[in-house]
Amino acid sequence: MLQSLFRETFPLDSAFILIHIVYNFLVITFSSSIFRKIIAALPAEPAS
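Okay, so the sequence shown: first residue is 1147 according to this note's numbering, each after it adds one.
No wet-lab data here; the hints were simulated from the structure. Fair warning: this is a prediction, and the values are worked out from it, not measured in the lab. The beta carbon of each residue, even a glycine, is placed where N, CA and C say it ideally should be. There's no promise every hint is true.
Stated by the list, open to error - What follows is a list of derived Cβ distance ranges for each label pair:
| # | residue 1 | residue 2 | range |
| --- | --- | --- | --- |
| 1 | 1166 | 1187 | 26 to 34 Å |
| 2 | 1150 | 1171 | 18 to 26 Å |
| 3 | 1150 | 1174 | 19 to 27 Å |
| 4 | 1189 | 1158 | 45 to 53 Å |
| 5 | 1178 | 1150 | 24 to 32 Å |
| 6 | 1172 | 1150 | 20 to 28 Å |
| 7 | 1162 | 1189 | 25 to 33 Å |
| 8 | 1173 | 1150 | 15 to 23 Å |
| 9 | 1189 | 1167 | 31 to 39 Å |
| 10 | 1160 | 1180 | 26 to 34 Å |
| 11 | 1175 | 1150 | 22 to 30 Å |
| 12 | 1159 | 1188 | 36 to 44 Å |
| 13 | 1150 | 1189 | 44 to 52 Å |
Please model the complete structure; the sequences and the hints are all you need to start from.
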C-alpha cells in the first residue's frame, strides 16, 4: 500500500527505484557503523 502511494507521488519507476536504493544504502551503512561500534565496545573475551 505504501509502495503504491509512492508510485502515485513519483510516476517514474526509475525515480522510485533510485530513492529506494539510496534509502536502503543509508540504512545499511548506518546500521553497520553502529554494529561495529558495539562490537568494538565489547570486551575482547570469548563468550563461554
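Outcome of the hint check:
Restraint check, residue 1166 to residue 1187: a C-beta distance of roughly 32 Å satisfies the suggested window 26 to 34 Å. The hint said 18 to 26 Å for the Cβ distance between residue 1150 and residue 1171, and at roughly 23 Å that hint holds. Between residue 1150 and residue 1174 the Cβ separation comes to about 25 Å, which falls inside the hinted range of 19 to 27 Å. Under the hint 45 to 53 Å, the C-beta atoms of residue 1189 and residue 1158, about 50 Å apart, fit the expected range.
Here the CB-CB span from residue 1178 to residue 1150 is close to 30 Å, well matched to the stated 24 to 32 Å. The given range of 20 to 28 Å is respected by residue 1172 and residue 1150, whose C-beta atoms sit roughly 23 Å from each other. A beta carbon spacing of about 45 Å between residue 1162 and residue 1189 contradicts the range 25 to 33 Å that was offered as a hint. About 21 Å separates the C-beta atoms of residue 1173 and residue 1150, a value consistent with the hinted range of 15 to 23 Å.
Checked against the given bound of 31 to 39 Å, the beta carbons of residue 1189 and residue 1167, roughly 37 Å apart, stay inside it. Range check, residue 1160 to residue 1180: Cβ separation about 31 Å, and the 26 to 34 Å hint holds. The given range of 22 to 30 Å is respected by residue 1175 and residue 1150, whose C-beta atoms sit roughly 28 Å from each other. At roughly 43 Å, the beta-carbon separation of residue 1159 and residue 1188 lies within the given 36 to 44 Å, and the hint holds.
Distance hint check for residue 1150 and residue 1189: the Cβ-Cβ separation is about 48 Å, which falls inside the suggested range of 44 to 52 Å.
Going through the hint list in order, the structure does not satisfy hint 7, though it satisfies all others.
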